[in-house]
Amino acid sequence: STPAPATNTTNNVYIRHAISSGSITPDNVIVENNGTLTITASSTISTSLLVKTGGTLQINAALAIGSSGTFTVQSGGLVNINYSTASGVANLWAGTENFMSGSTVNIQNWDYGAGSGNNRLIKNSSKISENDGGYYFGNLTISGNPSSIFVMTEGSITINLCQNNFTSSSGGSNVAFTNSASNVTIGGNVIVTSGQLSFAATTNGDPVTTVLGNIQPSGGTINLNQNNSSNATSVVNLNGNLIIPTGVTLT
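Here my numbering = 1-based position in the sequence shown + 9.
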């Protein structure tokens with residue numbers, strides 16, 4: 010088991026079991042191995058939020074990180090984002106993020122209709138910080154039910170989206186890496202279990218997606234570009250294997 014904190018520890022909240030909070034305003038929160046913190050009302054963590062290996066943070070209401078604060082998720086840590094005002098400019102990203110290789114961020118709900126490009130996960134320029142490997146996330150999973158197309162990037166930018174696997178298991182409208190001409194790198198596999206994933210949804214420009222692992226759907230639909238246009242060419246550079254089982258649509 011994890012050693013108990015020192016008796017002189019102050020201003021720290023340690024989560025070692027399943028805890029459901031109302032509105033909270035601690036300085037520092039550490040979610041330990043086997044601990045689960047569920048945020049159920051608007052909250053602020055001013056200085057540091059750390060989700061350790063084996064810990065889970067379930068965000069069911071708006072959570073703000075202080076502008077000088079840090080939000081770190083270790084390998085094996087899990088963050089579920091599940092509130093309807095989450096966006097690319099939410100105060101969840103107000104501090105400095107470090108989603109380490111091997112960590113997982115799972116988007117279960119989002120403000121899919123936010124204006125001014127704020128419904129994109131990665132803004133141009135991004136409010137989310139890169140990890141030490143130059144990626145925004147370790148593993149990234151989209152499991153919500155978008156009410157409109159959920160695009161990962163705003164405009165035409167070059168980004169390393171996730172260091173490990175990208176998984177789309179959404180219902181509702183589809184998920185796309187870009188609706189312009191972004192250059193997006195996935196460090197691991199692209200996995201689709203349901204719904205529709207589009208590498209691009211653009212009528213203008215030449216987006217490029219680089220997948221360093223495999224493309225290995227088990228269900229759903231994969232589109233290279235969901236829009237037919239003579240002014241757009243969607244390029245996918247695949248370092249691994251393309252594995253298309255029976256029942257999966259590739260267009």
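Treat the hints with caution; some may be incorrect.
Stated by the list, open to error - Straight-line alpha carbon distances no greater than 20 Å define the calculated EDC-like cross-link-like pairs of lysine to aspartate or glutamate that follow:
1) 61 x 120
2) 61 x 41
3) 132 x 120
4) 61 x 141
5) 136 x 120
6) 61 x 36
Since the hints were made in silico from the structure, they are not lab data.
Going through the hints against the structure:
Pair hint residue 61 plus residue 120 does not hold up; C-alpha atoms about 27 Å apart against a cutoff of 20 Å. As the CA atoms of residue 61 and residue 41 are separated by approximately 5 Å, the hinted pair is consistent with the 20 Å bound. Proposed proximity of residue 132 and residue 120 is supported: the alpha carbons are some 14 Å apart, at most 20 Å. Restraint check for residue 61 and residue 141: the C-alpha separation of about 17 Å stays at or below 20 Å, so the hint holds.
Between the alpha carbons of residue 136 and residue 120 the distance comes to roughly 16 Å, so the proposed pair stays at or under 20 Å and holds. At roughly 17 Å between alpha-carbon atoms, residue 61 and residue 36 fall within 20 Å of each other, so this suggested pair holds.
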